Amino acid sequence: MLITVKLFANFRVGRFVVEVRDYPAGTAIKAVSGSLGLASQEIGMTMLNGRHAEPERVLKDGDVLAFFPLLGGG
Amino acid sequence: MIDRYAKQRIFLGREPEARLRDRRVAVVGLGATGSVLASWLARAGVGHLTLIDRDLVELSNLQRQLLYGEGDLGRPKAEAARERLAEANSSIELVAQVADLTSGNARELLAGFDLIMDGTDNFEARFLINDVAILTGTPWIYTGAIGGEGMVWPLNPPRTPCLRCLIEEPPASGDVDTCDSAGVLGPAVGIAASWGALEAIKILTGREPHPELARFDFWHNERQFIQPPATRCRFCTDKVTEFLDARWTLKASSLCGLEGVQIRVNPPRQLDLAALKPRLEARTGRDWKDSGLALTGTEGELRFTLFKDGRALVHGPVTPERAKGWYTEVVGA
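Taken in sequence, the protein lines are chains A and B.
Residue numbering for the first sequence follows the numbering used here, beginning at 1 and increasing consecutively.
Residue numbering for the second sequence follows the numbering used here, beginning at 1001 and increasing consecutively.
No wet-lab data here; the hints were simulated from the structure.
Only a predicted model underlies this, so the values are computations on that prediction, with no experimental measurement involved.
Careful: at least some of the hints might be erroneous.
What the hints assert, rightly or not - Calculated Cβ distances over 10 Å to all of chain B for the following chain A residues:
(1) M1
(2) A9
(3) R15
(4) F16
(5) E19
(6) R21
(7) A31
(8) E56
(9) G74
Unchecked claim - Okay, the calculated beta carbon distance ranges per label pair:
(10) S40(A) x T1328(B): 33 to 39 Å
(11) M1(A) x R1303(B): 55 to 61 Å
(12) A25(A) x I1010(B): 54 to 60 Å
(13) F1225(B) x D61(A): 22 to 28 Å
(14) R15(A) x P1278(B): 55 to 61 Å
Ideal placement from N, C-alpha and C gives every residue a C-beta, glycine not left out.
Here chain A stands alone, though its shape is the one from the complex (with noise of 0.2 Å):
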């Protein structure tokens, strides 16, 4: 299945900004963190087409996902 997968801040850094993958079916949001070298404790926000998504949440062909850093400073 593709799914579209969306990168920001500092994520981007050695990876991309955005592409299109290709996942098997049944596959959860934590395996493609996980594929892409993210470790869960950085990442701040998931958005699973435009809405909060838990990282064992599974994908279907067509998903947009995008994963956030959290903003601490101020």
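Chain B: place on chain A using the hints.
What follows is chain B alone, placed relative to chain A:
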């Protein structure tokens, strides 16, 4: 009637605008975001602002912390902010709290407000604010900024999700960028904080704030609005306040963007600076300066600032462990 608030009254309407005079807001952290948050709320005529910050104004702050000038260097931010805001609006009540927010004082410091504004630069403080919000039902607004990015999220658990519905635990240092690793642009913080202040005015005048988490990358011309989690976590559902309940006594951590270490005590204590001064002068063979709020002096190549509430800053090449050792030796555990 043309008065101070005439222009915002035209926009907000008489009755909602007048509500601002009765509202009490705590601004936690008076750095770059806090400067902007507090300025807008003071100028809008929010009746009471409590300004909470533990730090002193430093030269590297002036690039983005709009409340301070060169004449404020070395002064407590909360005090300098109160003075500057009183110049902008002398008709509101402004209270400065030079204090470190910890589990030992957060309940007390954040009691009795209609809204808590996050002007902090760290997750420990935000998780404490979130616990207070869970416990008391007080709304709060998360405002964060780093590099050329900013994010704003109004929260009011249990009506809305809480911070822990999104992230269960604070990220470890090193897992997120800081002003030290990514730098920060003044205008980016300014826009994010102005967005936060605008959401605050909505809440204080009885409107619903933006329901989504707004995230901007001003530098790369991007923005996203993220719908918050649809379900509630066990912490806000069962009013579990782990961060408020945490019992630690002494912590030492590296300073963000500066060579040095910060030492924090919990709960804050009252140091007798006048009694410590001769002891430190005897130990170091140098003069120490007591400003009433803080005692400053040097030992070897390190510069120390001991605050009345027990906190300490150690500037220079020092590890957290060594700084903690010095503190325990001089002040006690």
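We went through each hint and held it up to the structure:
Distance check for M1(A) against chain B: the nearest CB is about 23 Å away, which clears 10 Å, and the non-interface claim stands. A Cβ of chain B approaches the Cβ of A9(A) within 10 Å, the least distance being about 6 Å, so the stated non-interface status is violated. Remark: the non-interface label on R15(A) is consistent with the geometry, its nearest Cβ contact in chain B lying 15 Å away (cut-off 10 Å). With a least beta-carbon separation of about 14 Å from chain B, F16(A) lies farther than 10 Å from that chain, consistent with its non-interface assignment.
In this structure E19(A) is separated from chain B by more than 10 Å, as the shortest Cβ-Cβ distance comes to about 16 Å. Residue placement check: R21(A) keeps its beta carbon more than 10 Å from all beta carbons of chain B (closest about 20 Å). No Cβ of chain B approaches the Cβ of A31(A) within 10 Å, the least distance being about 20 Å, so the stated non-interface status holds. For E56(A), the shortest C-beta to C-beta distance to chain B comes to about 12 Å, beyond the 10 Å cut-off, and the non-interface label holds.
With a least beta-carbon separation of about 4 Å from chain B, G74(A) fails to lie farther than 10 Å from that chain, contradicting its non-interface assignment. At about 35 Å, the beta-carbon gap between S40(A) and T1328(B) stays in the expected band of 33 to 39 Å. Checking the proposed 55 to 61 Å range against M1(A) and R1303(B) shows it holds: the Cβ atoms sit about 59 Å from each other. Under the hint 54 to 60 Å, the C-beta atoms of A25(A) and I1010(B), about 58 Å apart, fit the expected range.
Look at F1225(B) against D61(A): about 25 Å separates their beta carbons, and that is inside 22 to 28 Å. Our hint of 55 to 61 Å for R15(A) and P1278(B) holds, since their Cβ atoms are close to 58 Å apart.
Violated hints, listed in ascending order, are 2 and 9; each of the other numbered hints is respected by the structure.
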